[in-house]
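Quick note, the sequences are listed as chains A and B, same order.
Numbered according to my numbering, the first sequence spans residues 1 to 161.
Numbered according to my numbering, the second sequence spans residues 1001 to 1517.
Hints are computed from structural coordinates only; laboratory data are not their basis.
Do not rely on the hints blindly, as some may be mistaken.
What the hints assert, rightly or not - Here's a subset of chain A near chain B, in silico, CB distances under 10 Å, partners left out:
id: 1; residue: F22
id: 2; residue: L23
id: 3; residue: M43
id: 4; residue: L51
id: 5; residue: S78
id: 6; residue: T96
id: 7; residue: L98
id: 8; residue: K103
id: 9; residue: P130
Stated by the list, open to error - Label pairs and their calculated CB-CB ranges:
id: 10; chain 1: A; residue 1: A151; chain 2: B; residue 2: L1429; range: 40 to 50 Å
id: 11; chain 1: A; residue 1: L32; chain 2: B; residue 2: D1106; range: 44 to 54 Å
id: 12; chain 1: B; residue 1: F1507; chain 2: A; residue 2: S53; range: 30 to 40 Å
id: 13; chain 1: A; residue 1: G76; chain 2: B; residue 2: S1510; range: 55 to 65 Å
id: 14; chain 1: B; residue 1: W1414; chain 2: A; residue 2: V153; range: 55 to 65 Å
Ideal Cβ placement from N, Cα and C applies to all residues, glycine included.
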Amino acid sequence: MSVNSNAPRSRLAPEPVARRDFLGLASVWTALAALGFGLIGMMRLPKAAVLSSPSKKFRVALPDSLAAGQPFVPPGRSVALFRDAEGVYAVSLVCTHLGCIVKQAPDGFECPCHGSRFTADGAVTKGPAPVALPWHKVSGGGGNYIVDEAATVPAGTKLKA
Amino acid sequence: MSANTETKSALRAFAENLRRAPRRILETAFRSGPPRTDRTRSSFVFGNVFLHLHAVRAHRWSLRWTTTFGLGIVCAAAFLITLVTGVMLMFYYKPYPDVAYDSIKDIHFVVPTGAFMRNIHRWAANVMVVGVFLHMARVFYTAAYRGPREFNWLIGMGLFALTLGLSFTGYLLPWDQLAYWAITIGANIAQSPREITDALGITDSFDIGGLQRQLLLGSDVVGEEALIRFYLLHVMLLPLGLVALLAVHFWRIRKDGGLARPDDADQRLGPPPADTYPVFTEAPAKTYHLAALVRGKTPAVGDGPENTVPSMPHLFYAEMGAFMLTLLVCVALSIWIDAPLKELANPNVPENPAKAPWYFLGLQECVSFSAFMGGVGIPMLVIIGLGLIPYLEREQQGSGEWFGGPGGTRLVAWSVLFGLVAAIGIEALAIRFGWLREWFPKIPQLVITFVNPGTVLALAYALYSLAVVRRYNSTRAGALGLFTCFLCGFLVTTIVGTYFRGPNWDFYWSPADWPKH
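Kindly generate the complete structure, drawing on both the sequences and the hints.
See the structure below:
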């Protein structure tokens, strides 16, 4: 950019210092880019690589007296285990709406928080829950079972006892 | 001999200075002496880093009781109280599950003044939430968001969000049943975009809900990670953000020319009272005409300062009054009603009913229809809509006046009626007859997500306000209608959620009817 030194310029008019502007803008944009990348990098920190939750797998022995269609809830767990003629299966008791623990009701389960109702095999019959209660993977045998709360299986999957 | 006199006089001067030191310290703290003349009153304000957030003079219209009801100061005062008492509570609070609960118990029952500190912290937080709602309504109804104050309205929205965020994060810290389940519900609301992604079958590849929840909790359960995160947000990140925005908010009030007032405010106020000290009776060391260099509607542009009074004492005394009143209310409430503390959090047995703090119960009522729409969709629309108000509504009529604009008070009254009837009607329908799932058990979830009492109500309000815009041929009229309707909807859902919902979120006329178990 050439400067016409003969042209009358106001004292208040900005000086045409193109190089300085270029350096200034370059420094501003590099600083912003560095900040941006830094922020993206920083965002990785709050997303934990290892979740500190307790183990999702647990071992359980079903009582012999457990009747068909009767839920058995291991103490401290949010899973109901059932045993019927086709086998053993586990239904999650964590409401699919907003995570409250559903309670046993005469015809299945009901959620104390927002009134969702489920049948004994987890299907939604009423309320705001968007999907059915998931079924969890059950393995083992001979009265002793391992339930994995992290693994979901299609509803109806039962382990032959 | 002469040396001796000098020593003597130096000693005397020293003694004299020592004697005067306390007074001098005070005098030097305030550069220009006591604020007794207009000149010293001005420099009292602009010579002080905190006070100069204010202009040196305030318009008489701004000082009228009915202009603001002091609501902004109420919010700031309540925030100051929570800040001070919050720091006091940090002396004893330990953010670790179970230990946290014990430390709150210690604070409440053992620590000297602990119960009072905790009570007033909670009550001031409640006063702040109420104050922020009312303050926002005041600014809206007096059309004070219009140019040049548009951006300050956005800053205010940020402060509104931060206030609710502070309340929400503070709610978990006692680690009792109430806290635990309210946060479980809150964290799952953050996860509720899954309602959409699940219905579309894309959760495996695009799980924004799960990510939000995991960032909030630092885990997949509400546990120690969640508590330390909420603690960090509550005592550090959110207050810092709030203080920063607050400074900008205050500063911009001044830079935007003080509070909004009608164009004919001066005529309406009439001549200043006889005891008002006129400005230009003595030679001022600084004129207020500097303000004339500032673009826009600052008080001094094209106008003499005749209808303004010095901020010191008129404005500051009024602000101190509002502050003291807020403090009085908070203290009285804290002496009268203790902050609640339920049993220790139990991750296996939800509180029944599990209720969030009252200002979230309107939302909780909406999430009892659809988690995503009630907890994320509608609130987002409301926040975006509120933020856009000053950019979509750029009319002139009624600035600075209560319910100013086409339609005015009459329109607001009709909107209250419509807002209440529509909200109560749709609630009554849903409570009495249920909703789509009970009528058509096989209905896809996506239909319920988009057609539920919450969305139907929001749509009714939107259509109503469109009709108002057409009827009055004015965006301001439509905004008055919509804002009033949403306020009514908030009120109705909050009252239903607070007083008429019992165990299993069923409807009860009174808590006395709740089933015993």
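Okay, the hints, checked on the actual structure:
1. F22: 30 Å, violated
2. L23: 30 Å, violated
3. M43: With a minimum Cβ separation of about 9 Å from chain B (threshold 10 Å), the hint on M43 of chain A holds.
4. L51: Because about 5 Å separates L51 of chain A from the closest Cβ in chain B, which is inside the 10 Å limit, the hint holds.
5. S78: Hint on S78 of chain A: holds, closest Cβ of chain B at ~6 Å, below 10 Å.
6. T96: The hint holds - T96 of chain A has a Cβ within 10 Å of chain B, the shortest such distance being about 9 Å.
7. L98: With a minimum Cβ separation of about 4 Å from chain B (threshold 10 Å), the hint on L98 of chain A holds.
8. K103: 8 Å, holds
9. P130: Cβ of P130 of chain A sits 5 Å from chain B, so the hint holds.
10. A:A151 - B:L1429: 40 to 50 Å: Holds: the Cβ-Cβ distance is about 41 Å, inside 40 to 50 Å.
11. A:L32 - B:D1106: 44 to 54 Å: 48 Å, holds
12. B:F1507 - A:S53: 30 to 40 Å: 36 Å, holds
13. A:G76 - B:S1510: 55 to 65 Å: With a Cβ separation near 35 Å, G76 of chain A and S1510 of chain B fall outside 55 to 65 Å, so the hint is violated.
14. B:W1414 - A:V153: 55 to 65 Å: 56 Å, holds
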